[in-house]
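Assemble the dimeric complex from its two separately framed chains, guided by the hints.
Heads up: the protein sequence lines correspond to chains A and B, in order.
The opening position of the first sequence corresponds to residue 1 in the working numbering, with each subsequent residue numbered one higher.
The opening position of the second sequence corresponds to residue 1001 in the working numbering, with each subsequent residue numbered one higher.
Derived from the structure by calculation, the hints contain no laboratory data.
Bear in mind that the values here come from a model prediction, so they are computed numbers and not experimental data.
No residue lacks a Cβ here, since even glycine has one placed at the ideal position from N, Cα and C.
A portion of the hints provided could be inaccurate.
Derived contacts from chain A toward chain B, CB cut-off under 10 Å, selection only [claimed, not checked]:
| # | residue |
| --- | --- |
| 1 | ASP25 |
| 2 | PRO27 |
| 3 | THR132 |
| 4 | THR189 |
| 5 | MET226 |
| 6 | THR432 |
| 7 | ASN464 |
| 8 | THR488 |
| 9 | TRP496 |
| 10 | GLY499 |
Here are the in silico distance ranges between beta carbons for each label pair [as the list claims (entries may be wrong)]:
| # | chain 1 | residue 1 | chain 2 | residue 2 | range |
| --- | --- | --- | --- | --- | --- |
| 11 | A | ALA58 | B | ASN1156 | 21 to 27 Å |
| 12 | A | LYS380 | B | LYS1045 | 39 to 45 Å |
| 13 | B | LYS1145 | A | ILE30 | 26 to 32 Å |
| 14 | B | LYS1045 | A | VAL88 | 48 to 54 Å |
| 15 | B | LYS1045 | A | ASP361 | 56 to 62 Å |
| 16 | B | ALA1020 | A | ASN63 | 28 to 34 Å |
| 17 | A | LYS82 | B | ALA1020 | 56 to 62 Å |
| 18 | A | ASN74 | B | ALA1155 | 39 to 45 Å |
| 19 | A | ASP59 | B | ASP1129 | 43 to 49 Å |
| 20 | B | LYS1039 | A | VAL88 | 29 to 35 Å |
| 21 | B | SER1009 | A | ARG56 | 56 to 62 Å |
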Amino acid sequence: MAKFTAKPVDLLKINFKTPKTDWMDTPVNIREHMYCHPAKAKDLETVGFPNIHEWRPADDNWNLPEDWKEIVINGIKERLQKYRSFHVFMDICVRCGACADKCHFYLGTGDPKNMPVLRAELLRSVYRKYFTAGGKIFGKTAGARELTEDVLKELWYYFYQCTECRRCSVFCPYGIDTAEITMMARELTNLLGLQLGWIGGPVAACYMKGNHLGLEPHTIKSNIEMMLDDIETITGIRINPTFNRKGAEILFVTPSGDLFAMPGIYTCMGYLMLFHELGLDYTWSTYASEGGNFGFFTSNEMAKRLNYKIYAEAKRLGVKWILGGECGHMWRVLHQYMDTWNGPADFLEVPKSPITGTVFDNAKSTKMTHISEFTADLIKHGKLKLDKSRNDHLKVTFHDSCNTSRGMGLLEEPRYIIKNVCNHFYEMPENTIREKTFCCGSGTGLNASENMELRMRGGLPRANAVKYVRDQYGVNMLANICAIDRATLSASMDYWVPGVGVAGVSELVANALVMKGEKERTTDLRGEPLPGKEGAE
Amino acid sequence: MSSLQGIRSLNELLSEKKQAILEKWFDSVLKTYPHDSAKFLKRQKDQFANPVGSTIYRGMGSLLDLIVNSADTDNIIKSLDEIIRIRAIQDFTPSHALAFVVELKRVVREEIKGETCASQLIDELPEFDRRVDGLLLLSFDIYMKCREKIYELKANELRNMTLKLVERANRIFEAKYRNVDLEDIISQGNKTERGE
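Okay, chain B solo, but in the shape it has when bound (with noise of 0.2 Å):
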């Protein structure tokens, strides 16, 4: 929608209070952490010496900006996967891990609270709540993916530990029974298990 007469779309309101919208996001994100840590998490702005806070926050940052410009979805998975990845392996239920994508609802909110165009803003806003709530249906995908993840990873680490005493027999048993047909072999081991 565009600005007519000093009446500003909920996209321009978005885009111009995005910084106040960004801090109050992240602060809604940073409450699920410890007190202590929390303060950490958004003093330390070197994103090698803080990954988790750095990360979070370039994401947000990113995904406002994404929403705000209606980006396609591959851009907004990615931005989604890197605070949900992260969140995915923390303390978290799944719903406290995700419970940062519906608080952007309450965040927009309270910033465009008292706006002289709040009648308009009201039409615009299911639209707005629309788009969060594909947010979240996008982040449940992410989140299962990341969970999905870690049980594969576990699986071939323990896959892995016996993969090379399976090619070891594999090569015994090659080596030895080059020109024995497996059919004999089986029949021959069945014999014995049964104490013919």
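Next comes chain A alone, as it looks inside the complex (with noise of 0.2 Å):
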């Protein structure tokens, strides 16, 4: 919504016709709800990010230090020397407009900022300008514009409004990945001190505890404990995981969303007795207690020291390969970069699963595997017992994640698992699923609350298509393997198509494991009662 501005005269003369300048002249209007609060400066402090100081965005006045304009134009010339993607990425769009409207932020604003070519342009023209001898010489003639205060308003104000999702990207002739574009840009703003509240403040959880949440290891050790109780309540099997186990087989990594947000623990309830079923020499460990990694999304450096634990970890206990669980740009980062910057891991083996035999001969590099893969594959061999019918109250759909499906192409393996446990699926539309996927509106640290605006914004696609498959055909819970989608799809979902839930597929699977030993399941893992077993409790 926006601020009353109007007088009640003006509103008199109902004349909303939005005035048509080209979007040089189109000064940069910092809106409330569509932006996250400032980072503490205790928490930039902790990982010693630069130019720390008190700002606010909807001031006229950031404090910006006296040499901002040199730090960033500096920033970017650096960027473009270290790496080529960007200098090519800054060089050749030729603004055919094929991913002007596939941005879910696009679709959502009908804001022309953004569109992924016309966000791009807002960095494109300031490295035309300083950059480039066309755009030194011919400045707005050739698409170039000095770099003003407004201009870096403009800057952070735009890309804090993408995910890094890369739906764009599909689309693209040239195959620019705008994502890349995004980081460097939030980078160029990390220089100056600007940094998000929601992305810092993990950053530094992550750096001082070892997982975004902040929480101890005694803390992880009784989190876990109260889903092992809730476990015994309703299969009357009492599990009892390992943490920092030396010579264990497998090192198991997960977002901590999963050890504390809701709906994310019935995932982890999912893994504990997934885990416990196939008897896995494993553990936990409370050290590299996340997956996910913030620090992703201030810049490459932040990204890698955040990443270093689970590979140490790994070689501290001993393990043979690491397993980890539902994310999204957790799987990015590890599939993409955990092996460039923190490798060679050649004190691993090539994943290999004890139970089915089979090698994960697409992780021989990185030696860890996702728990779809690894799931997939058991189910695909029989080694589970599952009774589907368990799942019978749910309708489910699945939602792709922007990482996994466009990251790393995992595709098939949760679409196997799901219908190898549930009953009932449907698909949504094909131009929102698979490569095609809607982001769910608040990657990238922009999960926060006092955002719910631009989330409601970005979520749109992606609830609209699921409003579809509920309209349909009765979907009542959307599925998923991203710790992100399940915190904050719920909210989409409570706003655009009430009466869906979020579940993570692991949830799925434990709901219809048959485990050894286990009694007369009455309810599901979030105490609703299974179909047929209503008032049996």
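What follows is the structure, encoded as structure tokens:
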């Protein structure tokens, strides 16, 4: 909702036509509910980010350091030299517009500066002014503009309205990865201390405690113990997982949201039940207790620092390979960056399922396998006893997370699992799933509460497709393999498609999993009565 | 009112000119979006590639049918909700978000201008205006519900963040003090606070 700026007399003149101005001549209007609060100084100090200062996005004066312009120009220069892709992406766009209407934020806001081409142009125009002969000489005619405080504010505002989901890149004939442009722009804002609280806080917590939520070892253990109590109530089975155990075959790493947030904890209960049933020789770590990486939303260097603990812990514990939980950006980091940053992990072995003997050659380099690959393989080999009817109260659709689908091509495995543990599965329309999936609208550290309007706008295209399958087939559960999805889609569903819940795939697996020695179950993991067991308690 | 001797009632005219009215009414909403986006919202017909444009267009079409057929309020609310749910979270003031409802009066008048039965229509227009006013009043309620929902979502997220903490604290508390009188604990706590 916009602020009440119109005078009563203006309201009587009902003419809401918007002015038709060129984007360069349309000044940025930083609106409440569309941005996150700034980071706390102490959090930025913890990891040594530069130019920490007090500022507020809505203020005219952002208290920038005196040499802010020089910092940004040098920052661009450094990144152009360091990353060939960034340089190429600054030059090759022909503004064909193929990406323009593919962004969920553009579709939800209708703001042209959310068209990926124009969002990138905000930065390209500055690049042209300072780094190309045409831009230096011809200025605006050549699409170049001076870097002013207003331009900087515009960069900040719109690059924190991009979730690096890369849907636009799927449609770009040149393969320009807009997410990388956003990463560079965010690095530049980070040089000036213009970080978000929702990113800065988790980064500092992760650096000090090993996970975004800042959970300490005893808290992690007691959180899991609470889940074990609930599992015992539901199944009659007491599970005893191990923590920081040297010599385990597998190290399990998952986003910390699964340990704490709703409905992520049900996914976590799913992991615990599956591993127990398999008798898996694995351990949790209270140090490598975060698969996600909010450092990835600040700078390449910070992401690398936060990621380091995963291989380090695998080495310390002497495990053979690493298994990872359900998360989105965690997998882009692990799949595409970890090996380059902190590898080679030559002290580990290529992941091999101890149950089926399947060797995951696709993880030959990183030595880390996704739980969906692992579970799908178990089902394929008939290693799990499953009672699909326990999920009969659910009509399920699957939301492909941006990073697992577009980042690592994990398209079939989760669907295969769901179809084997649920009787009712319905796909959303073709242009909203798989590599064309719509983002939840709250990724890359934008999952705060103060920017709820932005989240609802960004979440509209996804919710719109969910609404379709709800109305057509009665879908009531949105499954996914991402902790941020689990945390944020609940709000999006609540606003746009009431009556649709959100669940991790491993939760659905555990509902259907018939465990050895279990008592007759009367409820699912959420304590809801199983079909036909209503009133059994 | 029935059609006699070639004179058409307002409802008949609205049905006949529904498409033209819908297009004009839709165009008036599009004008509230930036120029480039308005073109996209109108052009792209795929409901999944253009959720805002297609939802508003569909909602307005249903509303026109419902007004003509004097449909029940529940159905009208459903169609209004689809449109307002979107506009309530976009860059609009409340008046700006809901102005599309009153725009219908202007659009309809423009479309029926010059009709031979204009004098009869003049008698019917107040009733039509009353229906549009009714829509506007319903729209206020829907808009407020949407805004309240946004704040409820914010509050829920904050509550859920601490829910597990509270649950755990309760369990620890229960386990530790299962056989102790609560009053004793509170009084002990008060003594500690006072440094006794």
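Comparing the hints with the structure gives:
1. For the restraint placing ASP25/A at the interface with chain B, the shortest Cβ-Cβ distance is roughly 13 Å, beyond the 10 Å limit, so the hint is violated.
2. A least Cβ separation of about 13 Å between PRO27/A and chain B goes past the 10 Å threshold, and the interface hint is therefore violated.
3. Taking 10 Å as the C-beta contact cut-off toward chain B, the hint placing THR132/A at the interface is violated, the least distance being around 25 Å.
4. Because the smallest distance between the Cβ of THR189/A and any Cβ of chain B comes to about 23 Å, over 10 Å, the interface hint for this residue is violated.
5. Satisfaction of the interface hint for MET226/A is found here, the shortest Cβ-Cβ separation to chain B being roughly 6 Å, below the 10 Å cut-off.
6. Interface hint status for THR432/A: upheld, as the beta-carbon distance to the closest one in chain B is roughly 5 Å, under 10 Å.
7. Taking 10 Å as the C-beta cut-off, the interface hint given for ASN464/A holds, the closest approach to chain B being about 4 Å.
8. The closest approach between the C-beta of THR488/A and any C-beta of chain B is roughly 9 Å, which is under the 10 Å cut-off, so the hint is satisfied.
9. Using the Cβ-Cβ criterion of 10 Å, the hint placing TRP496/A at the interface with chain B is satisfied: the shortest such distance is roughly 7 Å.
10. Given the 10 Å rule on beta carbons, the hint for GLY499/A is violated: about 14 Å separates it from the nearest Cβ of chain B.
11. In this structure, ALA58/A and ASN1156/B meet the distance hint of 21 to 27 Å, their C-beta atoms being roughly 25 Å apart.
12. Take LYS380/A and LYS1045/B: their Cβ atoms lie about 41 Å apart, and the range 39 to 45 Å holds.
13. With their beta carbons about 27 Å apart, LYS1145/B and ILE30/A fall inside the hinted range of 26 to 32 Å.
14. Taking the beta carbon of each, LYS1045/B and VAL88/A are about 35 Å apart, not inside 48 to 54 Å as hinted.
15. Between LYS1045/B and ASP361/A the Cβ separation comes to about 45 Å, which falls outside the hinted range of 56 to 62 Å.
16. Taking 28 to 34 Å as the suggested C-beta distance range, the pair ALA1020/B and ASN63/A does not conform, at roughly 56 Å.
17. LYS82/A and ALA1020/B have their C-beta atoms about 58 Å apart, which keeps the hinted 56 to 62 Å range intact.
18. Between ASN74/A and ALA1155/B, the C-beta spacing of about 44 Å keeps the proposed range 39 to 45 Å intact.
19. In this structure the hint that ASP59/A and ASP1129/B lie 43 to 49 Å apart at CB holds, the actual value being about 46 Å.
20. A hinted range of 29 to 35 Å for the beta carbons of LYS1039/B and VAL88/A is consistent with their spacing of about 30 Å.
21. Checked against the hint of 56 to 62 Å, the pair SER1009/B and ARG56/A passes, with Cβ atoms roughly 59 Å apart.
When the structure is compared with the earlier hints, violations turn up for hints 1, 2, 3, 4, 10, 14, 15 and 16 and for no others.
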